[in-house]
Amino acid sequence: MPELLQYEFIRNALLAGLLTCIACGLIGSLVVVNRIVFISGGIAHSAFGGIGLGVYFGFSPLIGAGFFSILAAFLIGIITMKSKHRSDTIIGVLWAVGMAVGILLIDLTPGYNVDLLSYLFGSILAVPVSDLFLMLMLDIIIILCVVFYYKDLLAMSYDEEFASLRGIPVKLLYIMMLILVALTVVMTIRVVGLILVIALMTIPTYISEKFSSSLGKMMFWSFILASLFTFTGLVISYYLNITSGASIILVAGICFIAYQIKIYVGSIDHS
Amino acid sequence: MSDLEIELKDVSFSYNGEIALKDVTFSVYDRDFIGIIGPNGSGKTTLVKLILGMIEPQKGTVNVLGRKPSQVSSSIGYVPQNTSINENFPITVRDVTMMGRIGGRREGWRFTRKDAGITREVLRQVGMWENRDARIGDLSMGQRQRVFIARALATDPKIIILDEPTASLDPPGQMILFDVLKELNKKLTILIVSHNINVLTEYVNKIACVHRELYFHEAPHVTSEMLRKTFGFSLEHICPLEEFPERPPVDGMNLK
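Same order as they appear, the protein sequences are chains A and B.
Using this note's numbering, read the first sequence as starting at 1 and increasing by one per residue.
Using this note's numbering, read the second sequence as starting at 1001 and increasing by one per residue.
In isolation and in its complexed conformation, chain A is listed as follows (with noise of 0.2 Å):
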């Protein structure tokens, strides 16, 4: 293990994955709290549109990424407030036409040569110091966001009505939290790749869930796991020399099932 140290792309793989985990538990817990898990796959997937388009363009595909994820968020937040029964459909939508428009603007790329795959399914050991700077950043945004908003966001999460009763105003902090998960998606990218996103924010902070007494405590925890089974996964990946989002999955995968397991036993138990 010390040894692995000596490598700088190690450390910078083990930073990106610790400021990644930050975001990941604090904006998977409102994921998942608000039972938004679906938005935020939409958001995730749709945001390869953009990275097609900075391919094409010649820009950097996570600017492009951060466009798209935030139009997306937008959209989303819009939508889900005007026809909430049909915009699990229109979600499912944006997701594939975000993925679609990517795919073929790579195409159209002239002399393609772009590792889809690293877009796919991460590739935080090749992080370069620019991005962790740029990560830094979107850290420090969603800390003071989740910070300074945390009773409205925990009153909107809990009880939506009480909350715009009691004058919060509802609908700009749904999307504000909706940009957050946009911008938390575009730093996961990197790390496990946009198809494992969604994973990485929600299996910490289900697990999380079941044992804090609060939406604080859970996004503490959350972070603790998340980047647990992030240097797990990243160990497993170097010596066993896999792709290193997949192994970070499925180290949260087995202890997720794990988890599950754990708590049916116990229910067994107690009756």
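Any given hint could be a false lead.
Facing chain B, a subset of chain A residues (Cβ under 8 Å, in silico) [what the hints assert, rightly or not]:
#	residue
1	Pro2
2	Glu3
3	Gln6
4	Lys82
5	Leu144
6	Phe148
7	Asp152
8	Leu165
9	Ile168
10	Pro169
To be clear, the hints were calculated from the coordinates, so they are not data collected in a lab.
For glycine and all other residues, C-beta sits at the position ideal for the given N, C-alpha and C.
Since the structure of chain A is already known, use the hints to place chain B on it.
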């Protein structure tokens, strides 16, 4: 005569042509304890929404504390019918109650010492301070109901409105709830929507029967005339009616 707090004059409301309330005139005075009864779909919830300012009447006027309801919504504490929303949500009794402190003017990003003090105070009033660190989902229905009353009290209201608070409570739970409300009634005006006539009549001082129209009774009794109009039949065999004072009330009887 004490102060007039809620006044509805000739109020009518219909949903897509379907009349929910018709020509309702209704006055509530300071420290009234009013039971609002009526069958399902009779317009009880519409009445509550009008008073809360969530909807506007198509005809007539609604006045709360001398103003339009939407301007004084912070003076009304509302306890919703469904308190089992988000049962698995990681939130403590104290945090739920503290939510009532949101929405003050010049509000900061954190709760103040004063907010914490008020939260402690109202949780003591409903007898839930001991459970302050419990997760809301771990409480019984009755306990959760009292936490939601505490949350309404934390908003520092003049009036509190409870929508079907007894619907999911067992008789002992209902007794505790009404004892808490009786104590609160010394300072506050209370409106309570319920199916449960028997428990109501023991505690409230006035009763309103709603069935599109509203029949008001300035005493905690339901007349057979009111029942016939609201429920379509007479219930003297199970209700403590004026005409049958010798019949004892049946505990926990629900009129659905």
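We went through each hint and held it up to the structure:
1. Annotation: interface hint on A/Pro2 violated; nearest CB of chain B at approximately 37 Å, more than 8 Å.
2. Here the hint on A/Glu3 is broken, as its CB sits about 40 Å from the closest CB of chain B, past 8 Å.
3. Because the closest C-beta pair between A/Gln6 and chain B is about 41 Å apart, greater than 8 Å, the hint is violated.
4. A distance limit of 8 Å between C-beta atoms decides the matter here; for A/Lys82 the minimum to chain B is near 19 Å, and the interface restraint is violated.
5. Annotation: A/Leu144 was flagged as interfacial toward chain B, and the flag is violated, the nearest CB pair being 10 Å apart, outside 8 Å.
6. At about 5 Å, the closest approach between the beta carbon of A/Phe148 and any beta carbon in chain B falls short of 8 Å, and the interface hint on this residue holds.
7. At its closest, the beta carbon of A/Asp152 sits 7 Å from a beta carbon of chain B; the interface hint therefore holds under the 8 Å criterion.
8. Below 8 Å, beta-carbon pairs count as interface contacts, and A/Leu165 has one with chain B at about 6 Å; its hint therefore holds.
9. A distance limit of 8 Å between C-beta atoms decides the matter here; for A/Ile168 the minimum to chain B is near 6 Å, and the interface restraint holds.
10. The restraint placing A/Pro169 at the interface with chain B is violated, with a minimum CB-CB distance near 11 Å, outside the 8 Å limit.
The structure is inconsistent with the numbered hints 1, 2, 3, 4, 5, 10, although it conforms to all the rest.
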